[in-house]
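Both chains are sitting in their own frames, so use the hints and assemble them into the complex.
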Amino acid sequence: MHTVSRSVVRDDAMDKASGTSCYIADITLPGMLSMAFKTSTAQHARICSISIPRLPEGYVTVDGRDFKGQNRATIVAEDWPFFAEKEVLYFGQPLLAIVGPDQITCERLCAGIEVKYEMLESVSSIEDARECFNDFTVIKGDPAKAFLEATDVFERFYQTGLQEHAYLEPQGMLAIVENGIVTVRGAMQCPFNIHTNLTKALALNPDQVRVIQSTTGGGFGGKEDFPSILAGQVAVAAVKTKTGRPVKVVLDRRLDMLLTPKRHPSRITIRTAIGKSGRITAMDIDCQLDAGAYETLSRVVLERAMFICTGAYTIANVKVRGRTMKTNHVPSGAFRGFGGPQAHFAAEMNMSFLADKLGLPPLALKQQYLTRQGDLSITSGTYRYPTLFEAMLARVEEASGYSEKWQKYARGVVSSCKRGIGISFAAHGGAFTGNGEQELIKSLVRLSAEYADLTSTIPYMVRIMASSVDMGQGTTMALKKIVAQTMELPVEHVLFTPPDTARVPDSGPTVASRTVMIVGNLLQKAAVELRTILDSGQLPTKEEPLIVEQRYMHPEELTWDEPSFYGDAYPAYSWSVNVVEVEIDPITSAIKIIGSWAAYDVGVPIDNAMLQGQMQGGVAQALGYATLEQMQMIDGKPAQHSLTDYIIPTIYDVPELECFFVKNPYKHGPFGAKGAGELPHIGPAPALAEAVSQATGKLITKIPITPEQLVTKR
Amino acid sequence: MINRIKNICCSIDGCKVSFVPHPEQRLLDLLRQEKGITGVREGCGEGECGSCSVLLNNRLVNACCVPVLHVHGCSITTIEGFSKTAAFHIIADAFARAGAVQCGFCTPGFILATAALLRENQQPTDEEIRAGLSGNLCRCTGYTQIIHAVQAAAGTLSSVPEVWKETDTHPPTNISPHPLVPRTVDDSIALLQAGYTPVAGGTDLIIRQHAGRPVSANGNLFSCMHIAELQTIYRKEGRTYVGSAMPLADIIASPDCTPILREALSCIAAPGIRNIATLGGNVCNASPAADGLPVLYILNAMVHVVGPSGQRDIPLAKYIQGPGTTLLDPTEIVTCISYEEPDTVQRNSNWMFRKVGARAVNALAKVNCAALWEVDTEMVTDFRLAIGACAPTVIRSHDIEQSVIGTRLVDLPTSVDHWLGLYSELLSPLTDQRSTAEYRLHTALALIRIVFVAMG
Ligand SMILES: Cc1cc2nc3c(=O)[nH]c(=O)nc-3n(C[C@H](O)[C@H](O)[C@H](O)COP(=O)(O)OP(=O)(O)OC[C@H]3O[C@@H](n4cnc5c(N)ncnc54)[C@H](O)[C@@H]3O)c2cc1C
Ligand code: FES
Ligand code: FES
Chain A
123 MHTVSRSVVR DDAMDKASGT SCYIADITLP GMLSMAFKTS TAQHARICSI SIPRLPEGYV
183 TVDGRDFKGQ NRATIVAEDW PFFAEKEVLY FGQPLLAIVG PDQITCERLC AGIEVKYEML
243 ESVSSIEDAR ECFNDFTVIK GDPAKAFLEA TDVFERFYQT GLQEHAYLEP QGMLAIVENG
303 IVTVRGAMQC PFNIHTNLTK ALALNPDQVR VIQSTTGGGF GGKEDFPSIL AGQVAVAAVK
363 TKTGRPVKVV LDRRLDMLLT PKRHPSRITI RTAIGKSGRI TAMDIDCQLD AGAYETLSRV
423 VLERAMFICT GAYTIANVKV RGRTMKTNHV PSGAFRGFGG PQAHFAAEMN MSFLADKLGL
483 PPLALKQQYL TRQGDLSITS GTYRYPTLFE AMLARVEEAS GYSEKWQKYA RGVVSSCKRG
543 IGISFAAHGG AFTGNGEQEL IKSLVRLSAE YADLTSTIPY MVRIMASSVD MGQGTTMALK
603 KIVAQTMELP VEHVLFTPPD TARVPDSGPT VASRTVMIVG NLLQKAAVEL RTILDSGQLP
663 TKEEPLIVEQ RYMHPEELTW DEPSFYGDAY PAYSWSVNVV EVEIDPITSA IKIIGSWAAY
723 DVGVPIDNAM LQGQMQGGVA QALGYATLEQ MQMIDGKPAQ HSLTDYIIPT IYDVPELECF
783 FVKNPYKHGP FGAKGAGELP HIGPAPALAE AVSQATGKLI TKIPITPEQL VTKR
Chain B
112 MINRIKNICC SIDGCKVSFV PHPEQRLLDL LRQEKGITGV REGCGEGECG SCSVLLNNRL
172 VNACCVPVLH VHGCSITTIE GFSKTAAFHI IADAFARAGA VQCGFCTPGF ILATAALLRE
232 NQQPTDEEIR AGLSGNLCRC TGYTQIIHAV QAAAGTLSSV PEVWKETDTH PPTNISPHPL
292 VPRTVDDSIA LLQAGYTPVA GGTDLIIRQH AGRPVSANGN LFSCMHIAEL QTIYRKEGRT
352 YVGSAMPLAD IIASPDCTPI LREALSCIAA PGIRNIATLG GNVCNASPAA DGLPVLYILN
412 AMVHVVGPSG QRDIPLAKYI QGPGTTLLDP TEIVTCISYE EPDTVQRNSN WMFRKVGARA
472 VNALAKVNCA ALWEVDTEMV TDFRLAIGAC APTVIRSHDI EQSVIGTRLV DLPTSVDHWL
532 GLYSELLSPL TDQRSTAEYR LHTALALIRI VFVAMG
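In order, the protein sequences belong to chains A and B. Counted the way the numbering used here counts, the first sequence spans residues 123 to 836. Counted the way the numbering used here counts, the second sequence spans residues 112 to 567.
If we strip away everything but chain B, and leave its shape as in the complex, we get (with noise of 0.2 Å):
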């Protein structure tokens, strides 16, 4: 029996706190409701809009999609605390000055990721304090004066380093493991057999759940986050190992990613997301316009899935069935998603990820294409494409590619449109609320056609 009454411990702006998880609590509503942390907004409870922007363990996330179980031994500072430091006053007086706040329902959000901002990038540029804000939404003030804020803060917290000292938090000490935070593999094994399904960011799960959608068998959930093996990237034997539960702004940040897959990483949702999303979630979601999946496939990815018999490892175009199913036994977990480091991606830049979404930043794909190529002086030698959010799940044909491979690079430029044609057949995309099925063939195909363009 696994004992859920068990509390789980965390630290609020600084107090240490315990409470009992119920199963389909979000982070969003043991501050709101029970701890009458009204500051944190609920603007939409998507994780679009970033209103219920909080720190965790010092990093931006959006409390609308983290389940509670994942706090367990962590710090959170919400816009409650973080409004009594010097950083706060300085940050809310450049706000207020710039006239950035006008009905005020997003601004503790900004003011959280701003502070996150700066605390790591003390001269942002524009460019990256559009970076930092663009997981949250304003409304009335068209964000022209929230960057003028920014900048103002900026320069005056930098001149006074000292004042982000007193917003370090730590995580509560001494704290006892809790049964549906399991520390290890094998623990995680023993939850999945008795019913439960694992949560990684929530970026997903806690989403769909709080919409009223299934997202497990009996809804019981436990966190893979605190299962440190799952969460490191190293490189054996020529191919990499990306932990399951590693958040992608970790990945991203590893200087054992490859930077093609970096790319598109960097091109999933905004920074509160990425600092919980992992790519163990990504992969498991199994949702066609992934932008994680389409480098995986061309760099061969292989899950590897631990359960109650032991390991399997398999190739991720096998792993994903269609959109939301995989191979992946409900007393399984996946542990790691490896790839093969192919010379030419750590060498040059014959790569391509290219993401097609409806807006700038903080948009699903409409389309995303990944390729990598190799050409000697003559010929191609490698290439390998892959196009996602056009068919049931990604699209990567080795057929195409092999009779692309060893083509005269002389007469690639007269035998595109019949490669395009090829590819044409076997993307069946289709027509819902983010697009046309029209715009995404055509958008894949030219996509496509700048590979081979890139190569000739």
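Next up, chain A with everything else stripped away, as it sits in the complex (with noise of 0.2 Å):
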């Protein structure tokens, strides 16, 4: 084990523990005002009118027409309208908020607030859809000429649902307007994505904007696209308000439910062409994303599940098509995987239906297509590193007794409950697609020796500066030890400061699993070139700090042609193998989990325990993606829109999960370390399905399983 795989102990534990962390909804300022939002009560209509009542002093209305900018905010497209215009496009749009000293007023006085709607169509389903934001091809090898001359051709097509990030820190911020310059705080991913929004819609110059992250309650995405539209709102009456008196708001869990994007749903049919030898020659895939009523960032989604169609597998031949359509719901966002689930659903499913047909068990299929270096992806670029999947494997056999169990549930050989177990291999590319890192991000990272009067041995603390946010997955940490390791310094003498864009460069959004290795690997750079300075007697002084700064610079052996997407997708890919195994009542058809084991190629582990953490919780919600989590849209609102409708696992839904990792060092990754925070959501939900196919004797093709979609299938 390396020592920097090592577990220390986080260092916000304690105050997380003991309550004192401050999250948004704990900041109080003199004279702040509350916010409530008046949101459509349609799903598509055009506004007529708004008859507002008259509104006691002190409190006021705020809507699109206060941006002195633009009212809309940039989430890779530039579409989502802060506040709703002419046309409401989903149910649940904030048309306006009101702003005044006390909530409860403000949400009465947004309950009296008349709107009148000419009812327009809308749009429910991917299948009634019409118009998409996107709409991709691309092909590698020769899937026509395979296709041809295919002996046998199959047909499916997978669905996967929406799924309610959950975290369980509702969304919230604060907005303030002192001497000029309008800051905003709150619970986020992206402080550089937010300062950019403001600055353009409130028309100001970049420096009169300031973001502050605040102790974030869990993000997995969710925190990434939806509070720029927040901070937006809440700005925007900051300014209004003209009192120089700060806004806060602080959503409800309903309205959270209500107000943010979710995964988006997918459908995806794939045609699979098997030629004379019997061997899988290509696949035709048409993947179609549900984007909800603006396209924001769904484009990138729709690439990350193209990218991965075939999932952990190499297939010669690959046309894929991919489309976000435009429906009227809210807009579908930021999640955990980023299309990786909804693709390799699809993907492993599929090979579960094929080795089905040709007569295998679905891992002698399924082991036989494993990617291995110098595979080609769908963009034609090159599988550059070893891929460790015997190795993954054996260790999850190990654990699981996969196989055997296997063959014992084929034979039918079981007690009264169903039992059934499932693999699925996945891969995940970090960080950002193409060389959007090269040309979109261009991190920056400033390390700072500073001077401490300390009575040790060291007289100084390093300081990172990064706009890398912890949403709790432990990025201070990690970061920390990145940087303490390299220079061999103990960790207490690394500093993190929160971000603020006022005091830290932007090294990007803390997304697409890009932290660790991109941000991580930039400071170790700059750690490496710091201490050479310290090493050569050169001290920091009282008032001068020495400060080094480091820019990515993409590796020099990748190609990418955005316009063709063409070339290396991701710097490196992430590998995993689960399996997971279940039980169905015979009576109630509720399916228990009863195990769930796991390998993973993540490079090298910075910490075992934060890694193990990262992966259990991101199985168990993959595992509730395919059971529990149902959002179903009914004329376009949400059913299950609450903690007490949208169901996620509690400790009794998760068995003890099993994590194992396998040392792979990426060489641009610090220490060894490549991308690791989605990939433990992209492969549990196919292997539960499969475990479930298994044990009803039935191909599972859509997630969530619910017990009423199992009674109905008998």
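Since the hints were made in silico from the structure, they are not lab data. Some hints here could point you the wrong way.
[Stated by the list, open to error] Derived lysine to aspartate or glutamate pairs resembling EDC-like cross-links, with alpha carbons at most 20 Å apart:
| no. | chain 1 | residue 1 | chain 2 | residue 2 |
| --- | --- | --- | --- | --- |
| 1 | A | 714 | B | 239 |
| 2 | B | 195 | A | 778 |
| 3 | A | 714 | B | 238 |
| 4 | B | 146 | A | 137 |
[Unchecked claim] Covered, in the sense of this in silico footprint (three residues per stretch, anywhere, with C-beta under 8 Å from a C-beta of chain A), are these stretches of chain B:
| no. | region |
| --- | --- |
| 5 | 204-212 |
| 6 | 399-412 |
| 7 | 547-559 |
Heads up, the beta-carbon is just placed ideally off N, CA and C, and yes, glycines get one too.
Structure, rendered in structure tokens:
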């Protein structure tokens, strides 16, 4: 084990345990104003009129017209308005807000506002959608020829549902205008994205906007896109009230679930060509995502789904067409895995389906196509590094007894409950797609050695300045450890400045499993540089810290052509093998998960305990995604929009989660680390679905798998 | 005139506190907004997530469900107070070392739930740990490291049991009565006549109120949780009487509680809710999915109510009129619920309660079913069955039961489908956000079938 992998206790654990950590809901400032939203009760309509009752003194409305710059946020695409304008495109879309001293009064006033709508036709599903925001095709090899020569062609479609992030801390944001500077503070993953959006929306100079992250109670992608919207809404209110009084909004859970983006539902159809030899020769994949009413970042989710549309398998000839369908739903957004879980569900269940058609055990078929070093990806990039499937599989087999159990259950030798076991393989590309890190982000990090009047032998502290946020995943400790190890300092000598756009450089958003791999690597380089300076005898003084900076450089060997999606879609991939075992109650069809095992190649784990936590947490979310977590949109309204009805796993619903790591150092990662945060959410759902398929004897093609669905299947 | 301005007194983290209650205030609001104890977090506001956990008289409760009136004369321990104890340091250290703290939003709640568990049970099994923490949601960790942390903390704490002494709390003394927290039934009737509505555990009412739904004619509440005579359970002449304001956890723990009722009440929610929610609330709420009801139906329960014109004893099946509607007059209060103690239930295990929820624990019922029966060597001598969540009220059919009684055991297998057919005509389940009509019907019939199989 590399010493960096040895677990240390996170330094925020005690404050969090004792409740002293300060989340945005905990911040109260003198004279603070509240805010309530008037949201659309129509799914798709023209707004005919809005009549607002007379407001008591101290209460004002804000709406889209109050933005001096633009009433639109740029979340990849520049299309999501802070407040609806002439039309509402989804149920729950904010029309305006009322700002004032008392929250309950704001809410009552909102309830008194009358809105007249002229209803327009709504689109409520991928199947009904007629427009798409994006329509891409990627071709690898010669699928047309392979289909012509095929001896067999199989076709099947697969569906995945919405998923709510259900971070335990609801979204919240606070804005204050002081000396012409708009400062926004709140739960977020991407301080600089918010910064850019506020600058544009409010028509301010960059130095007139400051964004500060507060302790963030979970994100999982949910605090990537929406905080830009919420920040715009509170900031415009703070500007409009002109009183200098801060404005804060913290969504209650129901409102949070109504207003915020969720995981894209998908419908993926796969045609598979089988050649004379009985081998899979080609796949023709049609991938449709429900983007919701605005495009926002759906293009990137689609790309990520397309680039990994055959999962961890390499197929010689592939055509994939991807579309983001426009519906009258709340915009779909970022969620851990970003298209990966959807694509893998289809790819894996399709392999399961083919195994059945070809008369092979699923594992036997899957093993034949596992990606190996040197294989070509969908975008004809090279998988440059060894893949360690054999070692991972051996580890998972040993722990789970997969093959033995599979055979036993296949023979039908079981207790009164029906059991099944499933296996899946998964891939996840770390960091931004293509040359995004180079072209779009251009991360910059800063390290400074600061004078410290310490009695110890090391007369300085090293401060990390980067815009990566800790939303619970442990960024702070991971980055500190990287710097401390590199400089051979005790970790207590490294400080981390919580992201504040006025104080830290833009090292990019905290997304895409890029933080340790990209930002961590830059910090490691900076640490080496700083150490060289310090070793040369130079020391920081009280007045003058020693500062080094590092900017991202794309590894030279990588090539990418954005318009044609040709080349290396990712700098490196992380891999996993997942096994899930289930038992189905013969009376209720309830699915009990009795075991979950997974092995991961994330390069080298930076801190074992923390990585275990990341993996286990991701697995639990994915198991919920596959079973309990149902969100149905009925006429555009989420039928389950509270934690009472949208059911996430409790401590009873997940078994002891066993996660293992195989070491596979990545040369451009700090201490060999690669992306890790999203990977655990990708594989478990299809492994579980395969297990349910075995237990019930019916191929599962849709998640979440509910007892209701299993009963009707019979 | 009722003096609402009077102070509620309680102790919070060892300090005596008094305040004027607002009608809509929850304990959570008091702690966070007025006392600035922000370590008590709000994750859902509906009793689901446990991030608002506090200890009320040393018992775990969800502060988002607790009406402030309730805390009159009580001691409250929040994470802020608990964090000053040695027990906290042992538990928190175990969480930190196990990697059980990520975003930390859930952590104070888990720490208090762990404390509540380990105080009572020094060496919990894995199953007991899961049960103890089943009302706390964590979205970050997947729970495995949390279980490891609790195991580690239990190990350390069992060697220093004396640390628990320091966590003992004592309710404030010399508290004068509060008009909205009556101590006698008579006082509560005066409040009812003045237009006040009783709130018991608040786990239905407070959540409805907070969601902006009406809970009473004028929103004026009083707490019926401090009336000693509503907090007892006893047996008399073949019937068991359960005080309407007795917390479910106390009913479950009582040796006087019938096993089938204990089983049903144990399926309700999670420890923090069961520590405060009452049977009176479950009955008055009159939800078709309430887990307490099917058992009470088959035990021929009576609802005992008292009002200005005296006492009424109403059979439960009559008392409940439909979803959320009962025969209770706004000037009346339920004092207790009684049920007959059939011989079968005491003597043997010829009974069944099954709840089908969306997840393993802490989920409202999609369907529930209670049954009990008696057979001799040849035939069925007693049979009762009730199904919940499949019609506007719980369904129990005396007609079907009468025709089942007397059936020869050998004839049961061939007649099951006939009975199932009759039951299916009585069930009219709905499709809603929790399940489908088809599933509910299918599962209800499957549950009824296993009862018949068990009898045969
Ligand atoms: C997270 C959560 C999970 C839950 N899970 C379940 C579950 O699994 N199964 C289930 O059945 N229920 C469940 N419930 C609902 C609720 O907890 C139960 O119905 C509980 O028994 C209600 O009791 P209470 O004392 O809290 O009622 P309250 O909320 O105090 O009162 C409910 C109603 O009864 C009236 N009332 C109460 N006592 C009296 C009295 N003595 N006389 C006259 N009227 C009275 C009140 O005015 C109010 O209208 C859950 C609730 C929550 C928040
Ligand atoms: S806030 Fe979730 S249970 Fe109270
Ligand atoms: S640590 Fe984030 S919810 Fe538990």
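For this session: Enumerate the violated hints, using their earlier numbering and listing them in ascending order.
Result: 2 and 6
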